[in-house]
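S.K.: Listed below, chain by chain, are the residues.
Number of protein chains: 4
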Amino acid sequence: MAHTIRDKAKLLARVRRIQGQATALEKQLCDETDCGAVLQQIAAIRGAVNGLMVAVIEGHLTDHVVKEADPAQRQQDLDVALGVIKSYLK
Amino acid sequence: MAHTIRDKAKLLARVRRIQGQATALEKQLCDETDCGAVLQQIAAIRGAVNGLMVAVIEGHLTDHVVKEADPAQRQQDLDVALGVIKSYLK
Amino acid sequence: MAHTIRDKAKLLARVRRIQGQATALEKQLCDETDCGAVLQQIAAIRGAVNGLMVAVIEGHLTDHVVKEADPAQRQQDLDVALGVIKSYLK
Amino acid sequence: MAHTIRDKAKLLARVRRIQGQATALEKQLCDETDCGAVLQQIAAIRGAVNGLMVAVIEGHLTDHVVKEADPAQRQQDLDVALGVIKSYLK
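Residue numbers (our numbering), protein chains in the order written: chain A, 1 to 90; chain B, 1 to 90; chain C, 1 to 90; chain D, 1 to 90.
Wrong hints could be hidden among the right ones.
[To be verified] No more than 16 Å apart at the CA atoms, straight line, and that leaves these computed lysine to aspartate or glutamate pairs for EDC-like:
#1 A:Lys90 / D:Asp34
#2 C:Lys10 / D:Asp31
#3 A:Lys86 / D:Glu58
#4 C:Lys8 / C:Asp63
#5 A:Lys10 / B:Glu26
#6 C:Lys10 / D:Asp63
#7 C:Lys8 / C:Glu58
#8 D:Lys10 / C:Asp63
#9 A:Lys27 / B:Glu26
#10 A:Lys8 / B:Asp7
#11 C:Lys8 / D:Asp31
#12 D:Lys8 / C:Asp34
#13 C:Lys8 / D:Asp34
These aren't lab readings, by the way, just hints derived from the structure by calculation.
Looking at chain A on its own, in the form it has when it is part of the complex:
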């Protein structure tokens, strides 16, 4: 079973948290809240998105690379994750 299915509930909880944070940010902008608070809210969303990314990358590398018996499939699945990892390491 793929990690995104096994961990579906936990991952969905993370996504819904991000949705809640984005809705709160939307309200801050509508209410013309002080921009220091807006900056903090965007930083909080960024932290939540990074946390979600770590969880999915770790699951992907563990399930689709470490636990994959076929070396050729391991390489293909590594390439999928490497594209995202490299975007962070720029």
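Given chain A, work out where chains B, C and D should sit, using these hints.
M.R.: Just chains B, C and D now, kept in the frame of chain A:
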């Protein structure tokens, strides 16, 4: 007028784009979509959040530091942005 | 006096630390050290470079933007730092 | 043969480039060069360090995870890289 008020429509459009991306990600997880696509979607949200952060930081530094006549207020407003900038530079 | 002159000794100490770390990394590669240690050493250099960047950006924004009396010069000096900040926020 | 040995010459060339950039930065600070140029030089070093990190992480994940026959060893070697990847995804 503060930049988050002057640029309210543009900033809200960015936030609503992020909300749409998060809803699409939620559907991917519910539909048990391939995790390569999930990784790409999270990376897209990350890019949109970073773009929003750049817009607000630039607006903050321009309106509340460059255009601020009082040096003491400039320092206070710089400190607000520095906290967020440092979190990126770790 | 510009911050890079006022803080010259502290900044040079940071640069020399990075030079020492790079020399240690060079030796690790020459000695064919375990690549886990090599990864850690590169991460240490990255941390030191980021720390140096924070120190110089903070000094630049404080001295050349907050303490600058002329608004037009403040904008020019902000633009110098924004280019670097944006490269981190991608 | 481990990737850091196979790719020793290429990796050492990257390290020596970083050493050259750090020496140039040292001279900029000693010569009290304009801090805009100093910021650019630090950004260049950061880019070179990130490029070196990508090369070593990719080599590590390919040689020690994808090409490793033993699943338990694959997991250990993944954990080494995950520690560094997570530091970037904070």
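S.K.: Take the hints in turn and mark each one as holding or not.
M.R.: Hint by hint, here is what the structure shows:
Simply put, Lys90 (chain A) and Asp34 (chain D) have alpha-carbon atoms about 26 Å apart, too far for the 16 Å limit, and the pair is violated. Under the criterion of a C-alpha separation no larger than 16 Å, the hint pairing Lys10 (chain C) with Asp31 (chain D) is consistent with the structure, at around 15 Å. Pair hint Lys86 (chain A) plus Glu58 (chain D) holds up; C-alpha atoms about 9 Å apart against a cutoff of 16 Å. Simply put, Lys8 (chain C) and Asp63 (chain C) have alpha-carbon atoms about 14 Å apart, close enough for the 16 Å limit, and the pair holds.
A hinted pair counts as satisfied when its Cα atoms are at most 16 Å apart, and Lys10 (chain A) with Glu26 (chain B) qualifies at roughly 12 Å. Annotation: proposed proximity of Lys10 (chain C) to Asp63 (chain D) is violated, straight-line Cα distance about 41 Å (limit 16 Å). At roughly 14 Å between alpha-carbon atoms, Lys8 (chain C) and Glu58 (chain C) fall within 16 Å of each other, so this suggested pair holds. Taken as a hint, the Lys10 (chain D) and Asp63 (chain C) pair is broken in the structure, with Cα atoms around 41 Å apart against an allowance of 16 Å.
For the hint pairing Lys27 (chain A) with Glu26 (chain B), the CA-to-CA distance comes to about 21 Å; that exceeds 16 Å, so the pair is violated. At roughly 37 Å between alpha-carbon atoms, Lys8 (chain A) and Asp7 (chain B) are farther apart than 16 Å, so this suggested pair is violated. Proposed proximity of Lys8 (chain C) and Asp31 (chain D) is supported: the alpha carbons are some 10 Å apart, at most 16 Å. About 12 Å separates the Cα atoms of Lys8 (chain D) and Asp34 (chain C), which keeps this hinted pair within 16 Å; it holds.
A distance of roughly 12 Å separates the Cα atoms of Lys8 (chain C) and Asp34 (chain D); the hinted pair therefore holds under the 16 Å criterion.
Consistency note: the structure conflicts with the earlier hints numbered 1, 6, 8, 9 and 10.
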